[in-house]
Amino acid sequence: ELHNMSEGGAKLRKVKELLKKEIREGATAADLDKLAERTIIELGGTPSFKMVKGYQWTTCVNVNEGIVHGIPKKSIIFQKGDVVSIDVGMYYQGLHTDTSLTVGIDVDAKTQKFLDAGREALKKAITKAREGNRIYDISEAIEVTLTSHGLTPVKALVGHGVGRELHEDPQIPCYRNGDRFKSPVIPYGACLAIEVMYSEGNADIEVLDDGWTIVTSDGKLSALFEETVEVGKRGPVVIT
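The opening residue of the sequence shown carries number 2 in the working numbering; numbering runs sequentially from there.
Possibly wrong hints are sitting among the right ones.
[Stated by the list, open to error] With a cut-off of at most 25 Å between alpha-carbon atoms, the simulated DMTMM-like pairs for lysine to aspartate or glutamate come out as follows:
(1) Lys-21 <-> Glu-132
(2) Lys-21 <-> Glu-8
(3) Lys-81 <-> Glu-23
(4) Lys-15 <-> Asp-117
(5) Lys-124 <-> Asp-170
(6) Lys-54 <-> Asp-210
[Unchecked claim] Quick list of simulated restraints, FRET-style, between CB atoms:
(7) Asn-203 <-> Phe-182: 22 to 32 Å
(8) Ala-11 <-> Lys-75: 28 to 38 Å
(9) Arg-165 <-> Gly-82: 38 to 48 Å
(10) Gly-133 <-> Lys-75: 39 to 49 Å
(11) Asp-117 <-> Lys-22: 42 to 52 Å
(12) Glu-169 <-> Lys-21: 18 to 28 Å
(13) Leu-209 <-> Gly-151: 25 to 35 Å
(14) Gln-94 <-> Asn-203: 21 to 31 Å
(15) Lys-156 <-> Lys-114: 38 to 48 Å
(16) Asp-211 <-> Gln-80: 12 to 22 Å
(17) Lys-156 <-> Gly-55: 33 to 43 Å
(18) Glu-207 <-> Lys-111: 21 to 31 Å
(19) Glu-166 <-> Trp-213: 15 to 25 Å
Source of the hints: derived by calculation from the structure; they are not laboratory data.
C-beta: ideal position from N, C-alpha, C; glycine also.
Given only the sequences and the hints, what does the whole structure look like? Please build it.
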């Protein structure tokens, strides 16, 4: 089973790297979505997000204040200075993997620092995905890193277990929630979609009229970084 996950994860990483190159001025969210769908199918997989009830797209694309679940509309045309996040999942040989990244298009130094902080938070969170640690430890690493940069974790959304289903237990908040000793212990072999969702503002959220796109209610910049991580014998293995 572990072998399957890593094969699917490697394929999804290819998709992500392809998408990353296409995030540029003048491209549209719909272009990215079509490219993702075509590539996933070529690699022998199925788009995970199309298996979610009511969602007909391969990716979620969010710009600037968009946090998650953004519909990849044709009308979303990327511009210089935009912060674009793309989230994509792939179902391969009976198992899901899930990943996302955020890219700035010719952004200023302040925005670049904002994005670097999210990447750093994900890196630190991944080091905590070890047998015998607790989910709390992952959340703590995210929160401490973000707040040290003056940024705010989004509290209303969580990372999650991943595998046979796209969203499995445990939930993985981006902040310390409750008592560490009541938090689930991480077992060997666990597969976790660790997500860092954060904002420059207060991180309160609202859902747009399309029923899916979630944005920061104060209109401040947001970003999302996510990898699927396997808890191996010698520690965490990033499979996407």
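These are the hints, each one checked on the structure:
1. This hinted pair does not check out: Lys-21 and Glu-132 have alpha carbons roughly 32 Å apart, beyond 25 Å.
2. Pair hint Lys-21 plus Glu-8 holds up; C-alpha atoms about 20 Å apart against a cutoff of 25 Å.
3. The suggested pairing of Lys-81 with Glu-23 holds, with an alpha-carbon distance near 14 Å, which does not exceed 25 Å.
4. The hinted pair formed by Lys-15 and Asp-117 meets the criterion: a straight-line CA distance of about 22 Å does not exceed 25 Å.
5. Our distance criterion of 25 Å between C-alpha atoms is met by Lys-124 and Asp-170, whose separation comes to about 21 Å.
6. At roughly 18 Å between alpha-carbon atoms, Lys-54 and Asp-210 fall within 25 Å of each other, so this suggested pair holds.
7. At about 29 Å, the CB distance of Asn-203 to Phe-182 agrees with the hint of 22 to 32 Å.
8. Separation of Ala-11 from Lys-75 is about 30 Å and conforms to the stated range, judged on CB atoms against 28 to 38 Å.
9. Between Arg-165 and Gly-82 the Cβ separation comes to about 41 Å, which falls inside the hinted range of 38 to 48 Å.
10. For Gly-133 and Lys-75, the hinted distance range of 39 to 49 Å is satisfied, since their beta carbons lie about 48 Å from each other.
11. Separated by about 20 Å at the C-beta atoms, Asp-117 and Lys-22 break the suggested range of 42 to 52 Å.
12. For the pair Glu-169 and Lys-21, the beta carbons lie near 27 Å from each other, so the given range of 18 to 28 Å is met.
13. Checked against the hint of 25 to 35 Å, the pair Leu-209 and Gly-151 passes, with Cβ atoms roughly 27 Å apart.
14. Restraint check, Gln-94 to Asn-203: a C-beta distance of roughly 42 Å breaks the suggested window 21 to 31 Å.
15. Between Lys-156 and Lys-114 the Cβ separation comes to about 22 Å, which falls outside the hinted range of 38 to 48 Å.
16. The given range of 12 to 22 Å is respected by Asp-211 and Gln-80, whose C-beta atoms sit roughly 20 Å from each other.
17. Separation of Lys-156 from Gly-55 is about 24 Å and departs from the stated range, judged on CB atoms against 33 to 43 Å.
18. Between Glu-207 and Lys-111 the CB atoms are about 25 Å apart, so this pair conforms to the stated range of 21 to 31 Å.
19. For Glu-166 paired with Trp-213, a C-beta distance near 19 Å keeps the hint of 15 to 25 Å intact.
Hint check: violations occur at hints 1, 11, 14, 15, 17; the rest are consistent with the structure.
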